[in-house]
Amino acid sequence: MKIWAIATNTFAGFLRDRLLIVVFIILLGIVLLLMSPMLAYKAVTTAANAAQMQALVLSEVAAIMSFLSGCGSFFAALAAATAVAAEMKSGTIQAVMARPVKRWQFLAGKYLSVMMLMLCYVVLMLGMSYLLAWMGGERIQSAPWLLILYPMARYAIYAALGILFVTFMHTAVAFGMVFLVAVLTTLLAPTAPLGGHLAPWVHTALYSVLPSTGLLSEDRFLSITSANLHPVSWLDHVATLAYGFDYALVCLLLAMWSFHYRTLRRE
Amino acid sequence: MSPAAEFRNVTKVYRRRFLGQEVAALTDVSFEVQAGEVCAFLGPNGAGKTTSISILMGFLYPDAGEVRVLGYEPGDVRAKSQIGFLPENFAFYKYLNAEKLLRFHCALAGRDNGNSGELILELLRKVRLEEYKTLKIGKYSRGMVQRLGIAQALIGDPKLLILDEPTSGLDPAGRKEVRDLIVSLRAAGNTIFLSSHILSEIEQVCDRAIIVDRGKLVRAGTMEELLTPSGRVEILVNQLSPEMESEVMAWSGAVERGAHGVKLTVDITRKREAIEKLWAANCDVISLTPIRGSLEELFLNLVGGDGGGA
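As you go down the protein sequences, you meet chains A and B in turn.
Anchor point for the first sequence: position 166 equals 166 in this note's numbering, and the numbering is continuous, going up by one each time.
Convert by adding 1000 to the 1-based position in the second sequence; the result is the number in this note's numbering.
It is worth saying that the hints were derived from the structure and are not from the lab.
Treat the hints with caution; some may be incorrect.
As the list claims (entries may be wrong) - Lysine-lysine pairs mimicking PhoX-like chemistry, simulated, CA-CA at most 20 Å apart:
| no. | chain 1 | residue 1 | chain 2 | residue 2 |
| --- | --- | --- | --- | --- |
| 1 | A | K89 | B | K1094 |
| 2 | B | K1094 | B | K1176 |
| 3 | B | K1263 | B | K1277 |
| 4 | B | K1100 | B | K1126 |
| 5 | B | K1094 | B | K1159 |
| 6 | A | K2 | B | K1100 |
Isolated chain A, as found in the complex (with noise of 0.2 Å):
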C-alpha cells in the first residue's frame, strides 16, 4: 500500500513533470517530420514505382519506431532519475521518509511509477506502430504482448540504471552515464565494429557487465520492412525477456542497497 501511494502521486507528479511534458512534446514533434516525408513518398507512389515507394515507406516506418523506441530508454532513463533526484531536490523526501516508510520501499515506488510511466509509453508506442504500419500499407503480425513486454524488459533495464546511478549522483551526471553505458552497448555489440579494437579480456569484461539491450530488441522477432516475422520459439522469448527483468532486477537491489547508505539531505 505504501509503495502503491508512493507509485501514484510520483505518476500523477510526472503528468505534471515540466521537463518530462517538453521531452514528450519533442519526441511527438520529431516523430512528426520523420512522418512527412513517409507521407510524401505515399503521395507520389504510383503503379510503375510501387514496390520501390512501398520498401521506402517500409523504411521509414522502421526508423520511426526504432527512434521511438530507442528514445524511451532515455525517456525511461530520464524520469526514474528525477523521480528520486526531485524529491531530493525539494526537500519532499525528508516527509515521506519521516513517515513508517523503508528506504527501499521508496524507491520501489519510484521505479513503480516509471514503470506505469512506461506502459503508458509502450501503449502509445505501439498504436503508433499499428498505425505507421497500416499507413505503409503492412500489417504488424506479431502478438501484442510481445511488442510490449520487449520494450519493457528494456525501459525496467534503463529505468533500474537511471535509479541506480541518481542515488549516487547528481542527475545530469546519472543521465550521462545512462547515454554512455546505452552507447557502450550499442559500440559492444557482437556485430559492431568497437570489439575489435579493444584486449579482448576488456571486450568480455564490459560485455558482461554491459546490459544486451540488442537482445531485446523487438527486430530480434519482427522486421518492420517486411513485416515479417522470424521464428522464434515461446521458450526463447521467456530466456531473453527473463534475462532483461533479471537485469534490472540487479540494478534496481543495487540501487536500493546504495540508497540505504546515502543521507537525505535537502540537495
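With chain A's structure known, arrange chain B on it following the hints.
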C-alpha cells in the same frame, strides 16, 4: 521510564571527498529527551541542530556514538510509526491540495484510506485550513503551508513530535495557536522536541532546553535550572515621591517611570522593607515579581551573541 530520544557521544563529520575538507557538525554530543516533556533544542545557525534532528530521524548516519529514538534505532519503521515530524521549511507537492497531501501521508502512515477522511477533516479544522482543503498547495501562503506541515505531523497520533521551527512564517495568532497546541499535546502525554528562533516562546512552553554551539553541547537543563533567579525583585507602584525615589536609588535600586506606573528594581533582601516604606508613603503596590534571567540572556551569554538567532 526510558527516554523518548537519546544521543550518546554522537559525532558527525561532513566530508568533501574531492576537496579533502572536513567539517565537524557534531562533536561528542550527548543528551536525552524524556518522555512526556516539551524540550527545546537551541543554538545559533550552523550549531548542528538540523544535523542532530536529521540523525534522529534516520536521514543521516552518525560517524560515532549511539542514538535511540523511542527505544529503536533512528529510521526504524517501528519508531517512525510513533513520530510526527515537521521539517524546517516544510516541502510539499505543488500539484496536490491539502486533502490529497494528508491522504497521501495517511497512506504512508499505514492508515486505511477509507477511514482517513474524518481524521483529515479534523486535522484541517485544527490548523484552520478546512476552507482551503481543495486549493492547490502551490497557492498557499507561507503560514498556510506551515500549518499544513503541522497537520501532517499530527497524523497517526504520534508519541513523539519533532518540530523544526514550528512557528516559522506564522502570524502572532498562528504562533499562539501552535503554542496552545503544544501545551495541549503535552497535557495529553506527548513528547515534543522542538527548535525555534523565538526564545520567548520557548520559555513559555518548554520544560527543558538543550543548547548547542559549533557542534558541541553547551548547556542542558530544565527551565528552572537554566533561568536562575537574579536575586532582585521588580515592584510596580502607581506613584512614587521624589524622597522615596532617592531612597530606592540609595539601595542600589533602579526606578523606571512608565505609562502604567513606576517600576522599582531592588535587591530581594530589601523587598519587605521597600514594600513597607512604599505603603507608609501612601503608594499603591500593583505587583511584585522576582526577576529571572531570560532565556535570551542565557543564550547570548553562552553562544556569544554572534550566531544570529537560535
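Cross-check of the supplied hints:
As the CA atoms of A/K89 and B/K1094 are separated by approximately 14 Å, the hinted pair is consistent with the 20 Å bound. A distance of roughly 27 Å separates the Cα atoms of B/K1094 and B/K1176; the hinted pair therefore is violated under the 20 Å criterion. With a C-alpha separation of about 15 Å, the suggested pairing of B/K1263 with B/K1277 holds against the 20 Å cut-off. Using a Cα cut-off of 20 Å, the hinted pair B/K1100 and B/K1126 holds, with the two alpha carbons roughly 17 Å apart.
A threshold of 20 Å between alpha carbons decides the hint, and for B/K1094 with B/K1159 the separation of about 29 Å lies outside it, so the pair is violated. Between A/K2 and B/K1100 the alpha-carbon distance is near 15 Å, which keeps this suggested pair within the 20 Å criterion.
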